[in-house]
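Chains as they are written, first to last, in our numbering: chain W, 326 to 436; chain V, 51 to 166.
Treat each hint with caution, since some may be false.
[Said to hold, decoys possible] Going by beta-carbon spacing under 7 Å, a handful of chain W positions derived as facing chain V:
1. SER337
2. VAL338
3. GLU340
4. GLY341
5. SER351
6. SER365
7. ILE372
8. SER374
9. ALA419
10. PHE426
11. PRO428
Everything labelled a hint here was simulated from the structure, so no lab data went into it. Owing to the predicted nature of the structure, the values given are computational and were not obtained by experimental measurement. Think of the CB as a built atom: it goes at the ideal place given N, C-alpha and C, for glycine as much as any other residue.
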Amino acid sequence: QKEVEQNSGPLSVPEGAIASLNCTYSDRVSQSFFWYRQYSGKSPELIMSIYSNGDKEDGRFTAQLNKASQYVSLLIRDSQPSDSATYLCAVNTASYDKVIFGPGTSLSVIP
Amino acid sequence: NAGVTQTPKFQVLKTGQSMTLQCAQDMNHNSMYWYRQDPGMGLRLIYYSASEGTTDKGEVPNGYNVSRLNKREFSLRLESAAPSQTSVYFCASSDPRRGMGLNEQFFGPGTRLTVL
Numbered sequence: 326q327k328e329v330e331q332n333s334g335p336l337s338v339p340e341g342a343i344a345s346l347n348c349t350y351s352d353r354v355s356q357s358f359f360w361y362r363q364y365s366g367k368s369p370e371l372i373m374s375i376y377s378n379g380d381k382e383d384g385r386f387t388a389q390l391n392k393a394s395q396y397v398s399l400l401i402r403d404s405q406p407s408d409s410a411t412y413l414c415a416v417n418t419a420s421y422d423k424v425i426f427g428p429g430t431s432l433s434v435i436p
Numbered sequence: 051n052a053g054v055t056q057t058p059k060f061q062v063l064k065t066g067q068s069m070t071l072q073c074a075q076d077m078n079h080n081s082m083y084w085y086r087q088d089p090g091m092g093l094r095l096i097y098y099s100a101s102e103g104t105t106d107k108g109e110v111p112n113g114y115n116v117s118r119l120n121k122r123e124f125s126l127r128l129e130s131a132a133p134s135q136t137s138v139y140f141c142a143s144s145d146p147r148r149g150m151g152l153n154e155q156f157f158g159p160g161t162r163l164t165v166l
């Protein structure tokens with residue numbers, strides 16, 4: 326079983342809709358979770374971090390964490406074409422010095 | 051602040067050639083990382099340095115060496131390049147907050163390496 330799994334996509338949503346990106350992880354001791362956005366040909370950019378169960382909102386983005394189910398998600402409200410990118414889920418390891426990245430989900434927002 | 055910088059941006063090597071990828075950060079971060087990214091594989095950790103003077107292997111260290119020159123700089127060396135090392139290489143830095151389990155990483159622009 327891979328340590329961090331994501332649906333590869335592509336996920337297509339119409340402009341203005343809610344995009345839902347999902348991530349599962351295998352290490353129960355993980356405490357911190359991160360979402361990165363990566364535009365084609367660019368480097369990953371941190372958009373959200375979460376470490377408590379529940380929801381964390383930042384503008385149009387909401388991260389949701391359920392440690393019991395080992396599940397973290399990212400919701401993007403009012404999706405815009407500029408949100409079209411690959412979204413990487415990352416999970417810290419027990420040593421805290423490293424994080425493990427998922428393979429990423431490609432999101433396409435259709436005007 | 052420039053954040054994390056990497057040189058070169060592009061490089062083409064022949065099999066067997068050597069080269070060093072340079073990375074520097076100006077955020078006073080303790081930890082630095084080298085990743086490679088291949089299509090469908092996500093980001094894979096090559097080596098990391100938790101603090102100045104220390105380095106540790108990541109998931110895919112074979113064929114690479116690293117040097118943490120000082121707190122700002124972390125270089126990656128390919129001693130004898132192979133076609134399998136064709137990839138995009140990213141350097142990242144962070145200041146892990148162990149008590150909170152946080153490790154927010156900031157990435158450089160990447161180096162696109164082709165080995166023929």
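Do the hints match the structure? See the list:
Taking 7 Å as the C-beta cut-off, the interface hint given for SER337 (chain W) is violated, the closest approach to chain V being about 19 Å. A distance limit of 7 Å between C-beta atoms decides the matter here; for VAL338 (chain W) the minimum to chain V is near 22 Å, and the interface restraint is violated. With its C-beta approaching chain V no nearer than about 27 Å, GLU340 (chain W) sits outside the 7 Å limit, and its interface hint is violated. With a least beta-carbon distance of about 29 Å to chain V, the hint placing GLY341 (chain W) at the interface is violated under the 7 Å criterion.
Hint on SER351 (chain W) is violated. Least Cβ distance to chain V is approximately 15 Å, over the 7 Å limit. Because the smallest distance between the Cβ of SER365 (chain W) and any Cβ of chain V comes to about 11 Å, over 7 Å, the interface hint for this residue is violated. With its C-beta approaching chain V no nearer than about 11 Å, ILE372 (chain W) sits outside the 7 Å limit, and its interface hint is violated. Checking SER374 (chain W) against chain V by beta carbon gives a least distance of about 6 Å; that is within 7 Å, so the hint holds.
Because the beta carbon of ALA419 (chain W) sits about 9 Å from the nearest beta carbon in chain V, more than 7 Å, this interface hint is broken. For PHE426 (chain W), the shortest C-beta to C-beta distance to chain V is roughly 4 Å, which falls under 7 Å, so the interface hint holds. Satisfaction of the interface hint for PRO428 (chain W) is found here, the shortest Cβ-Cβ separation to chain V being roughly 4 Å, below the 7 Å cut-off.
Going down the numbered hints, you'll see the structure goes against 1, 2, 3, 4, 5, 6, 7, 9, while the others check out.
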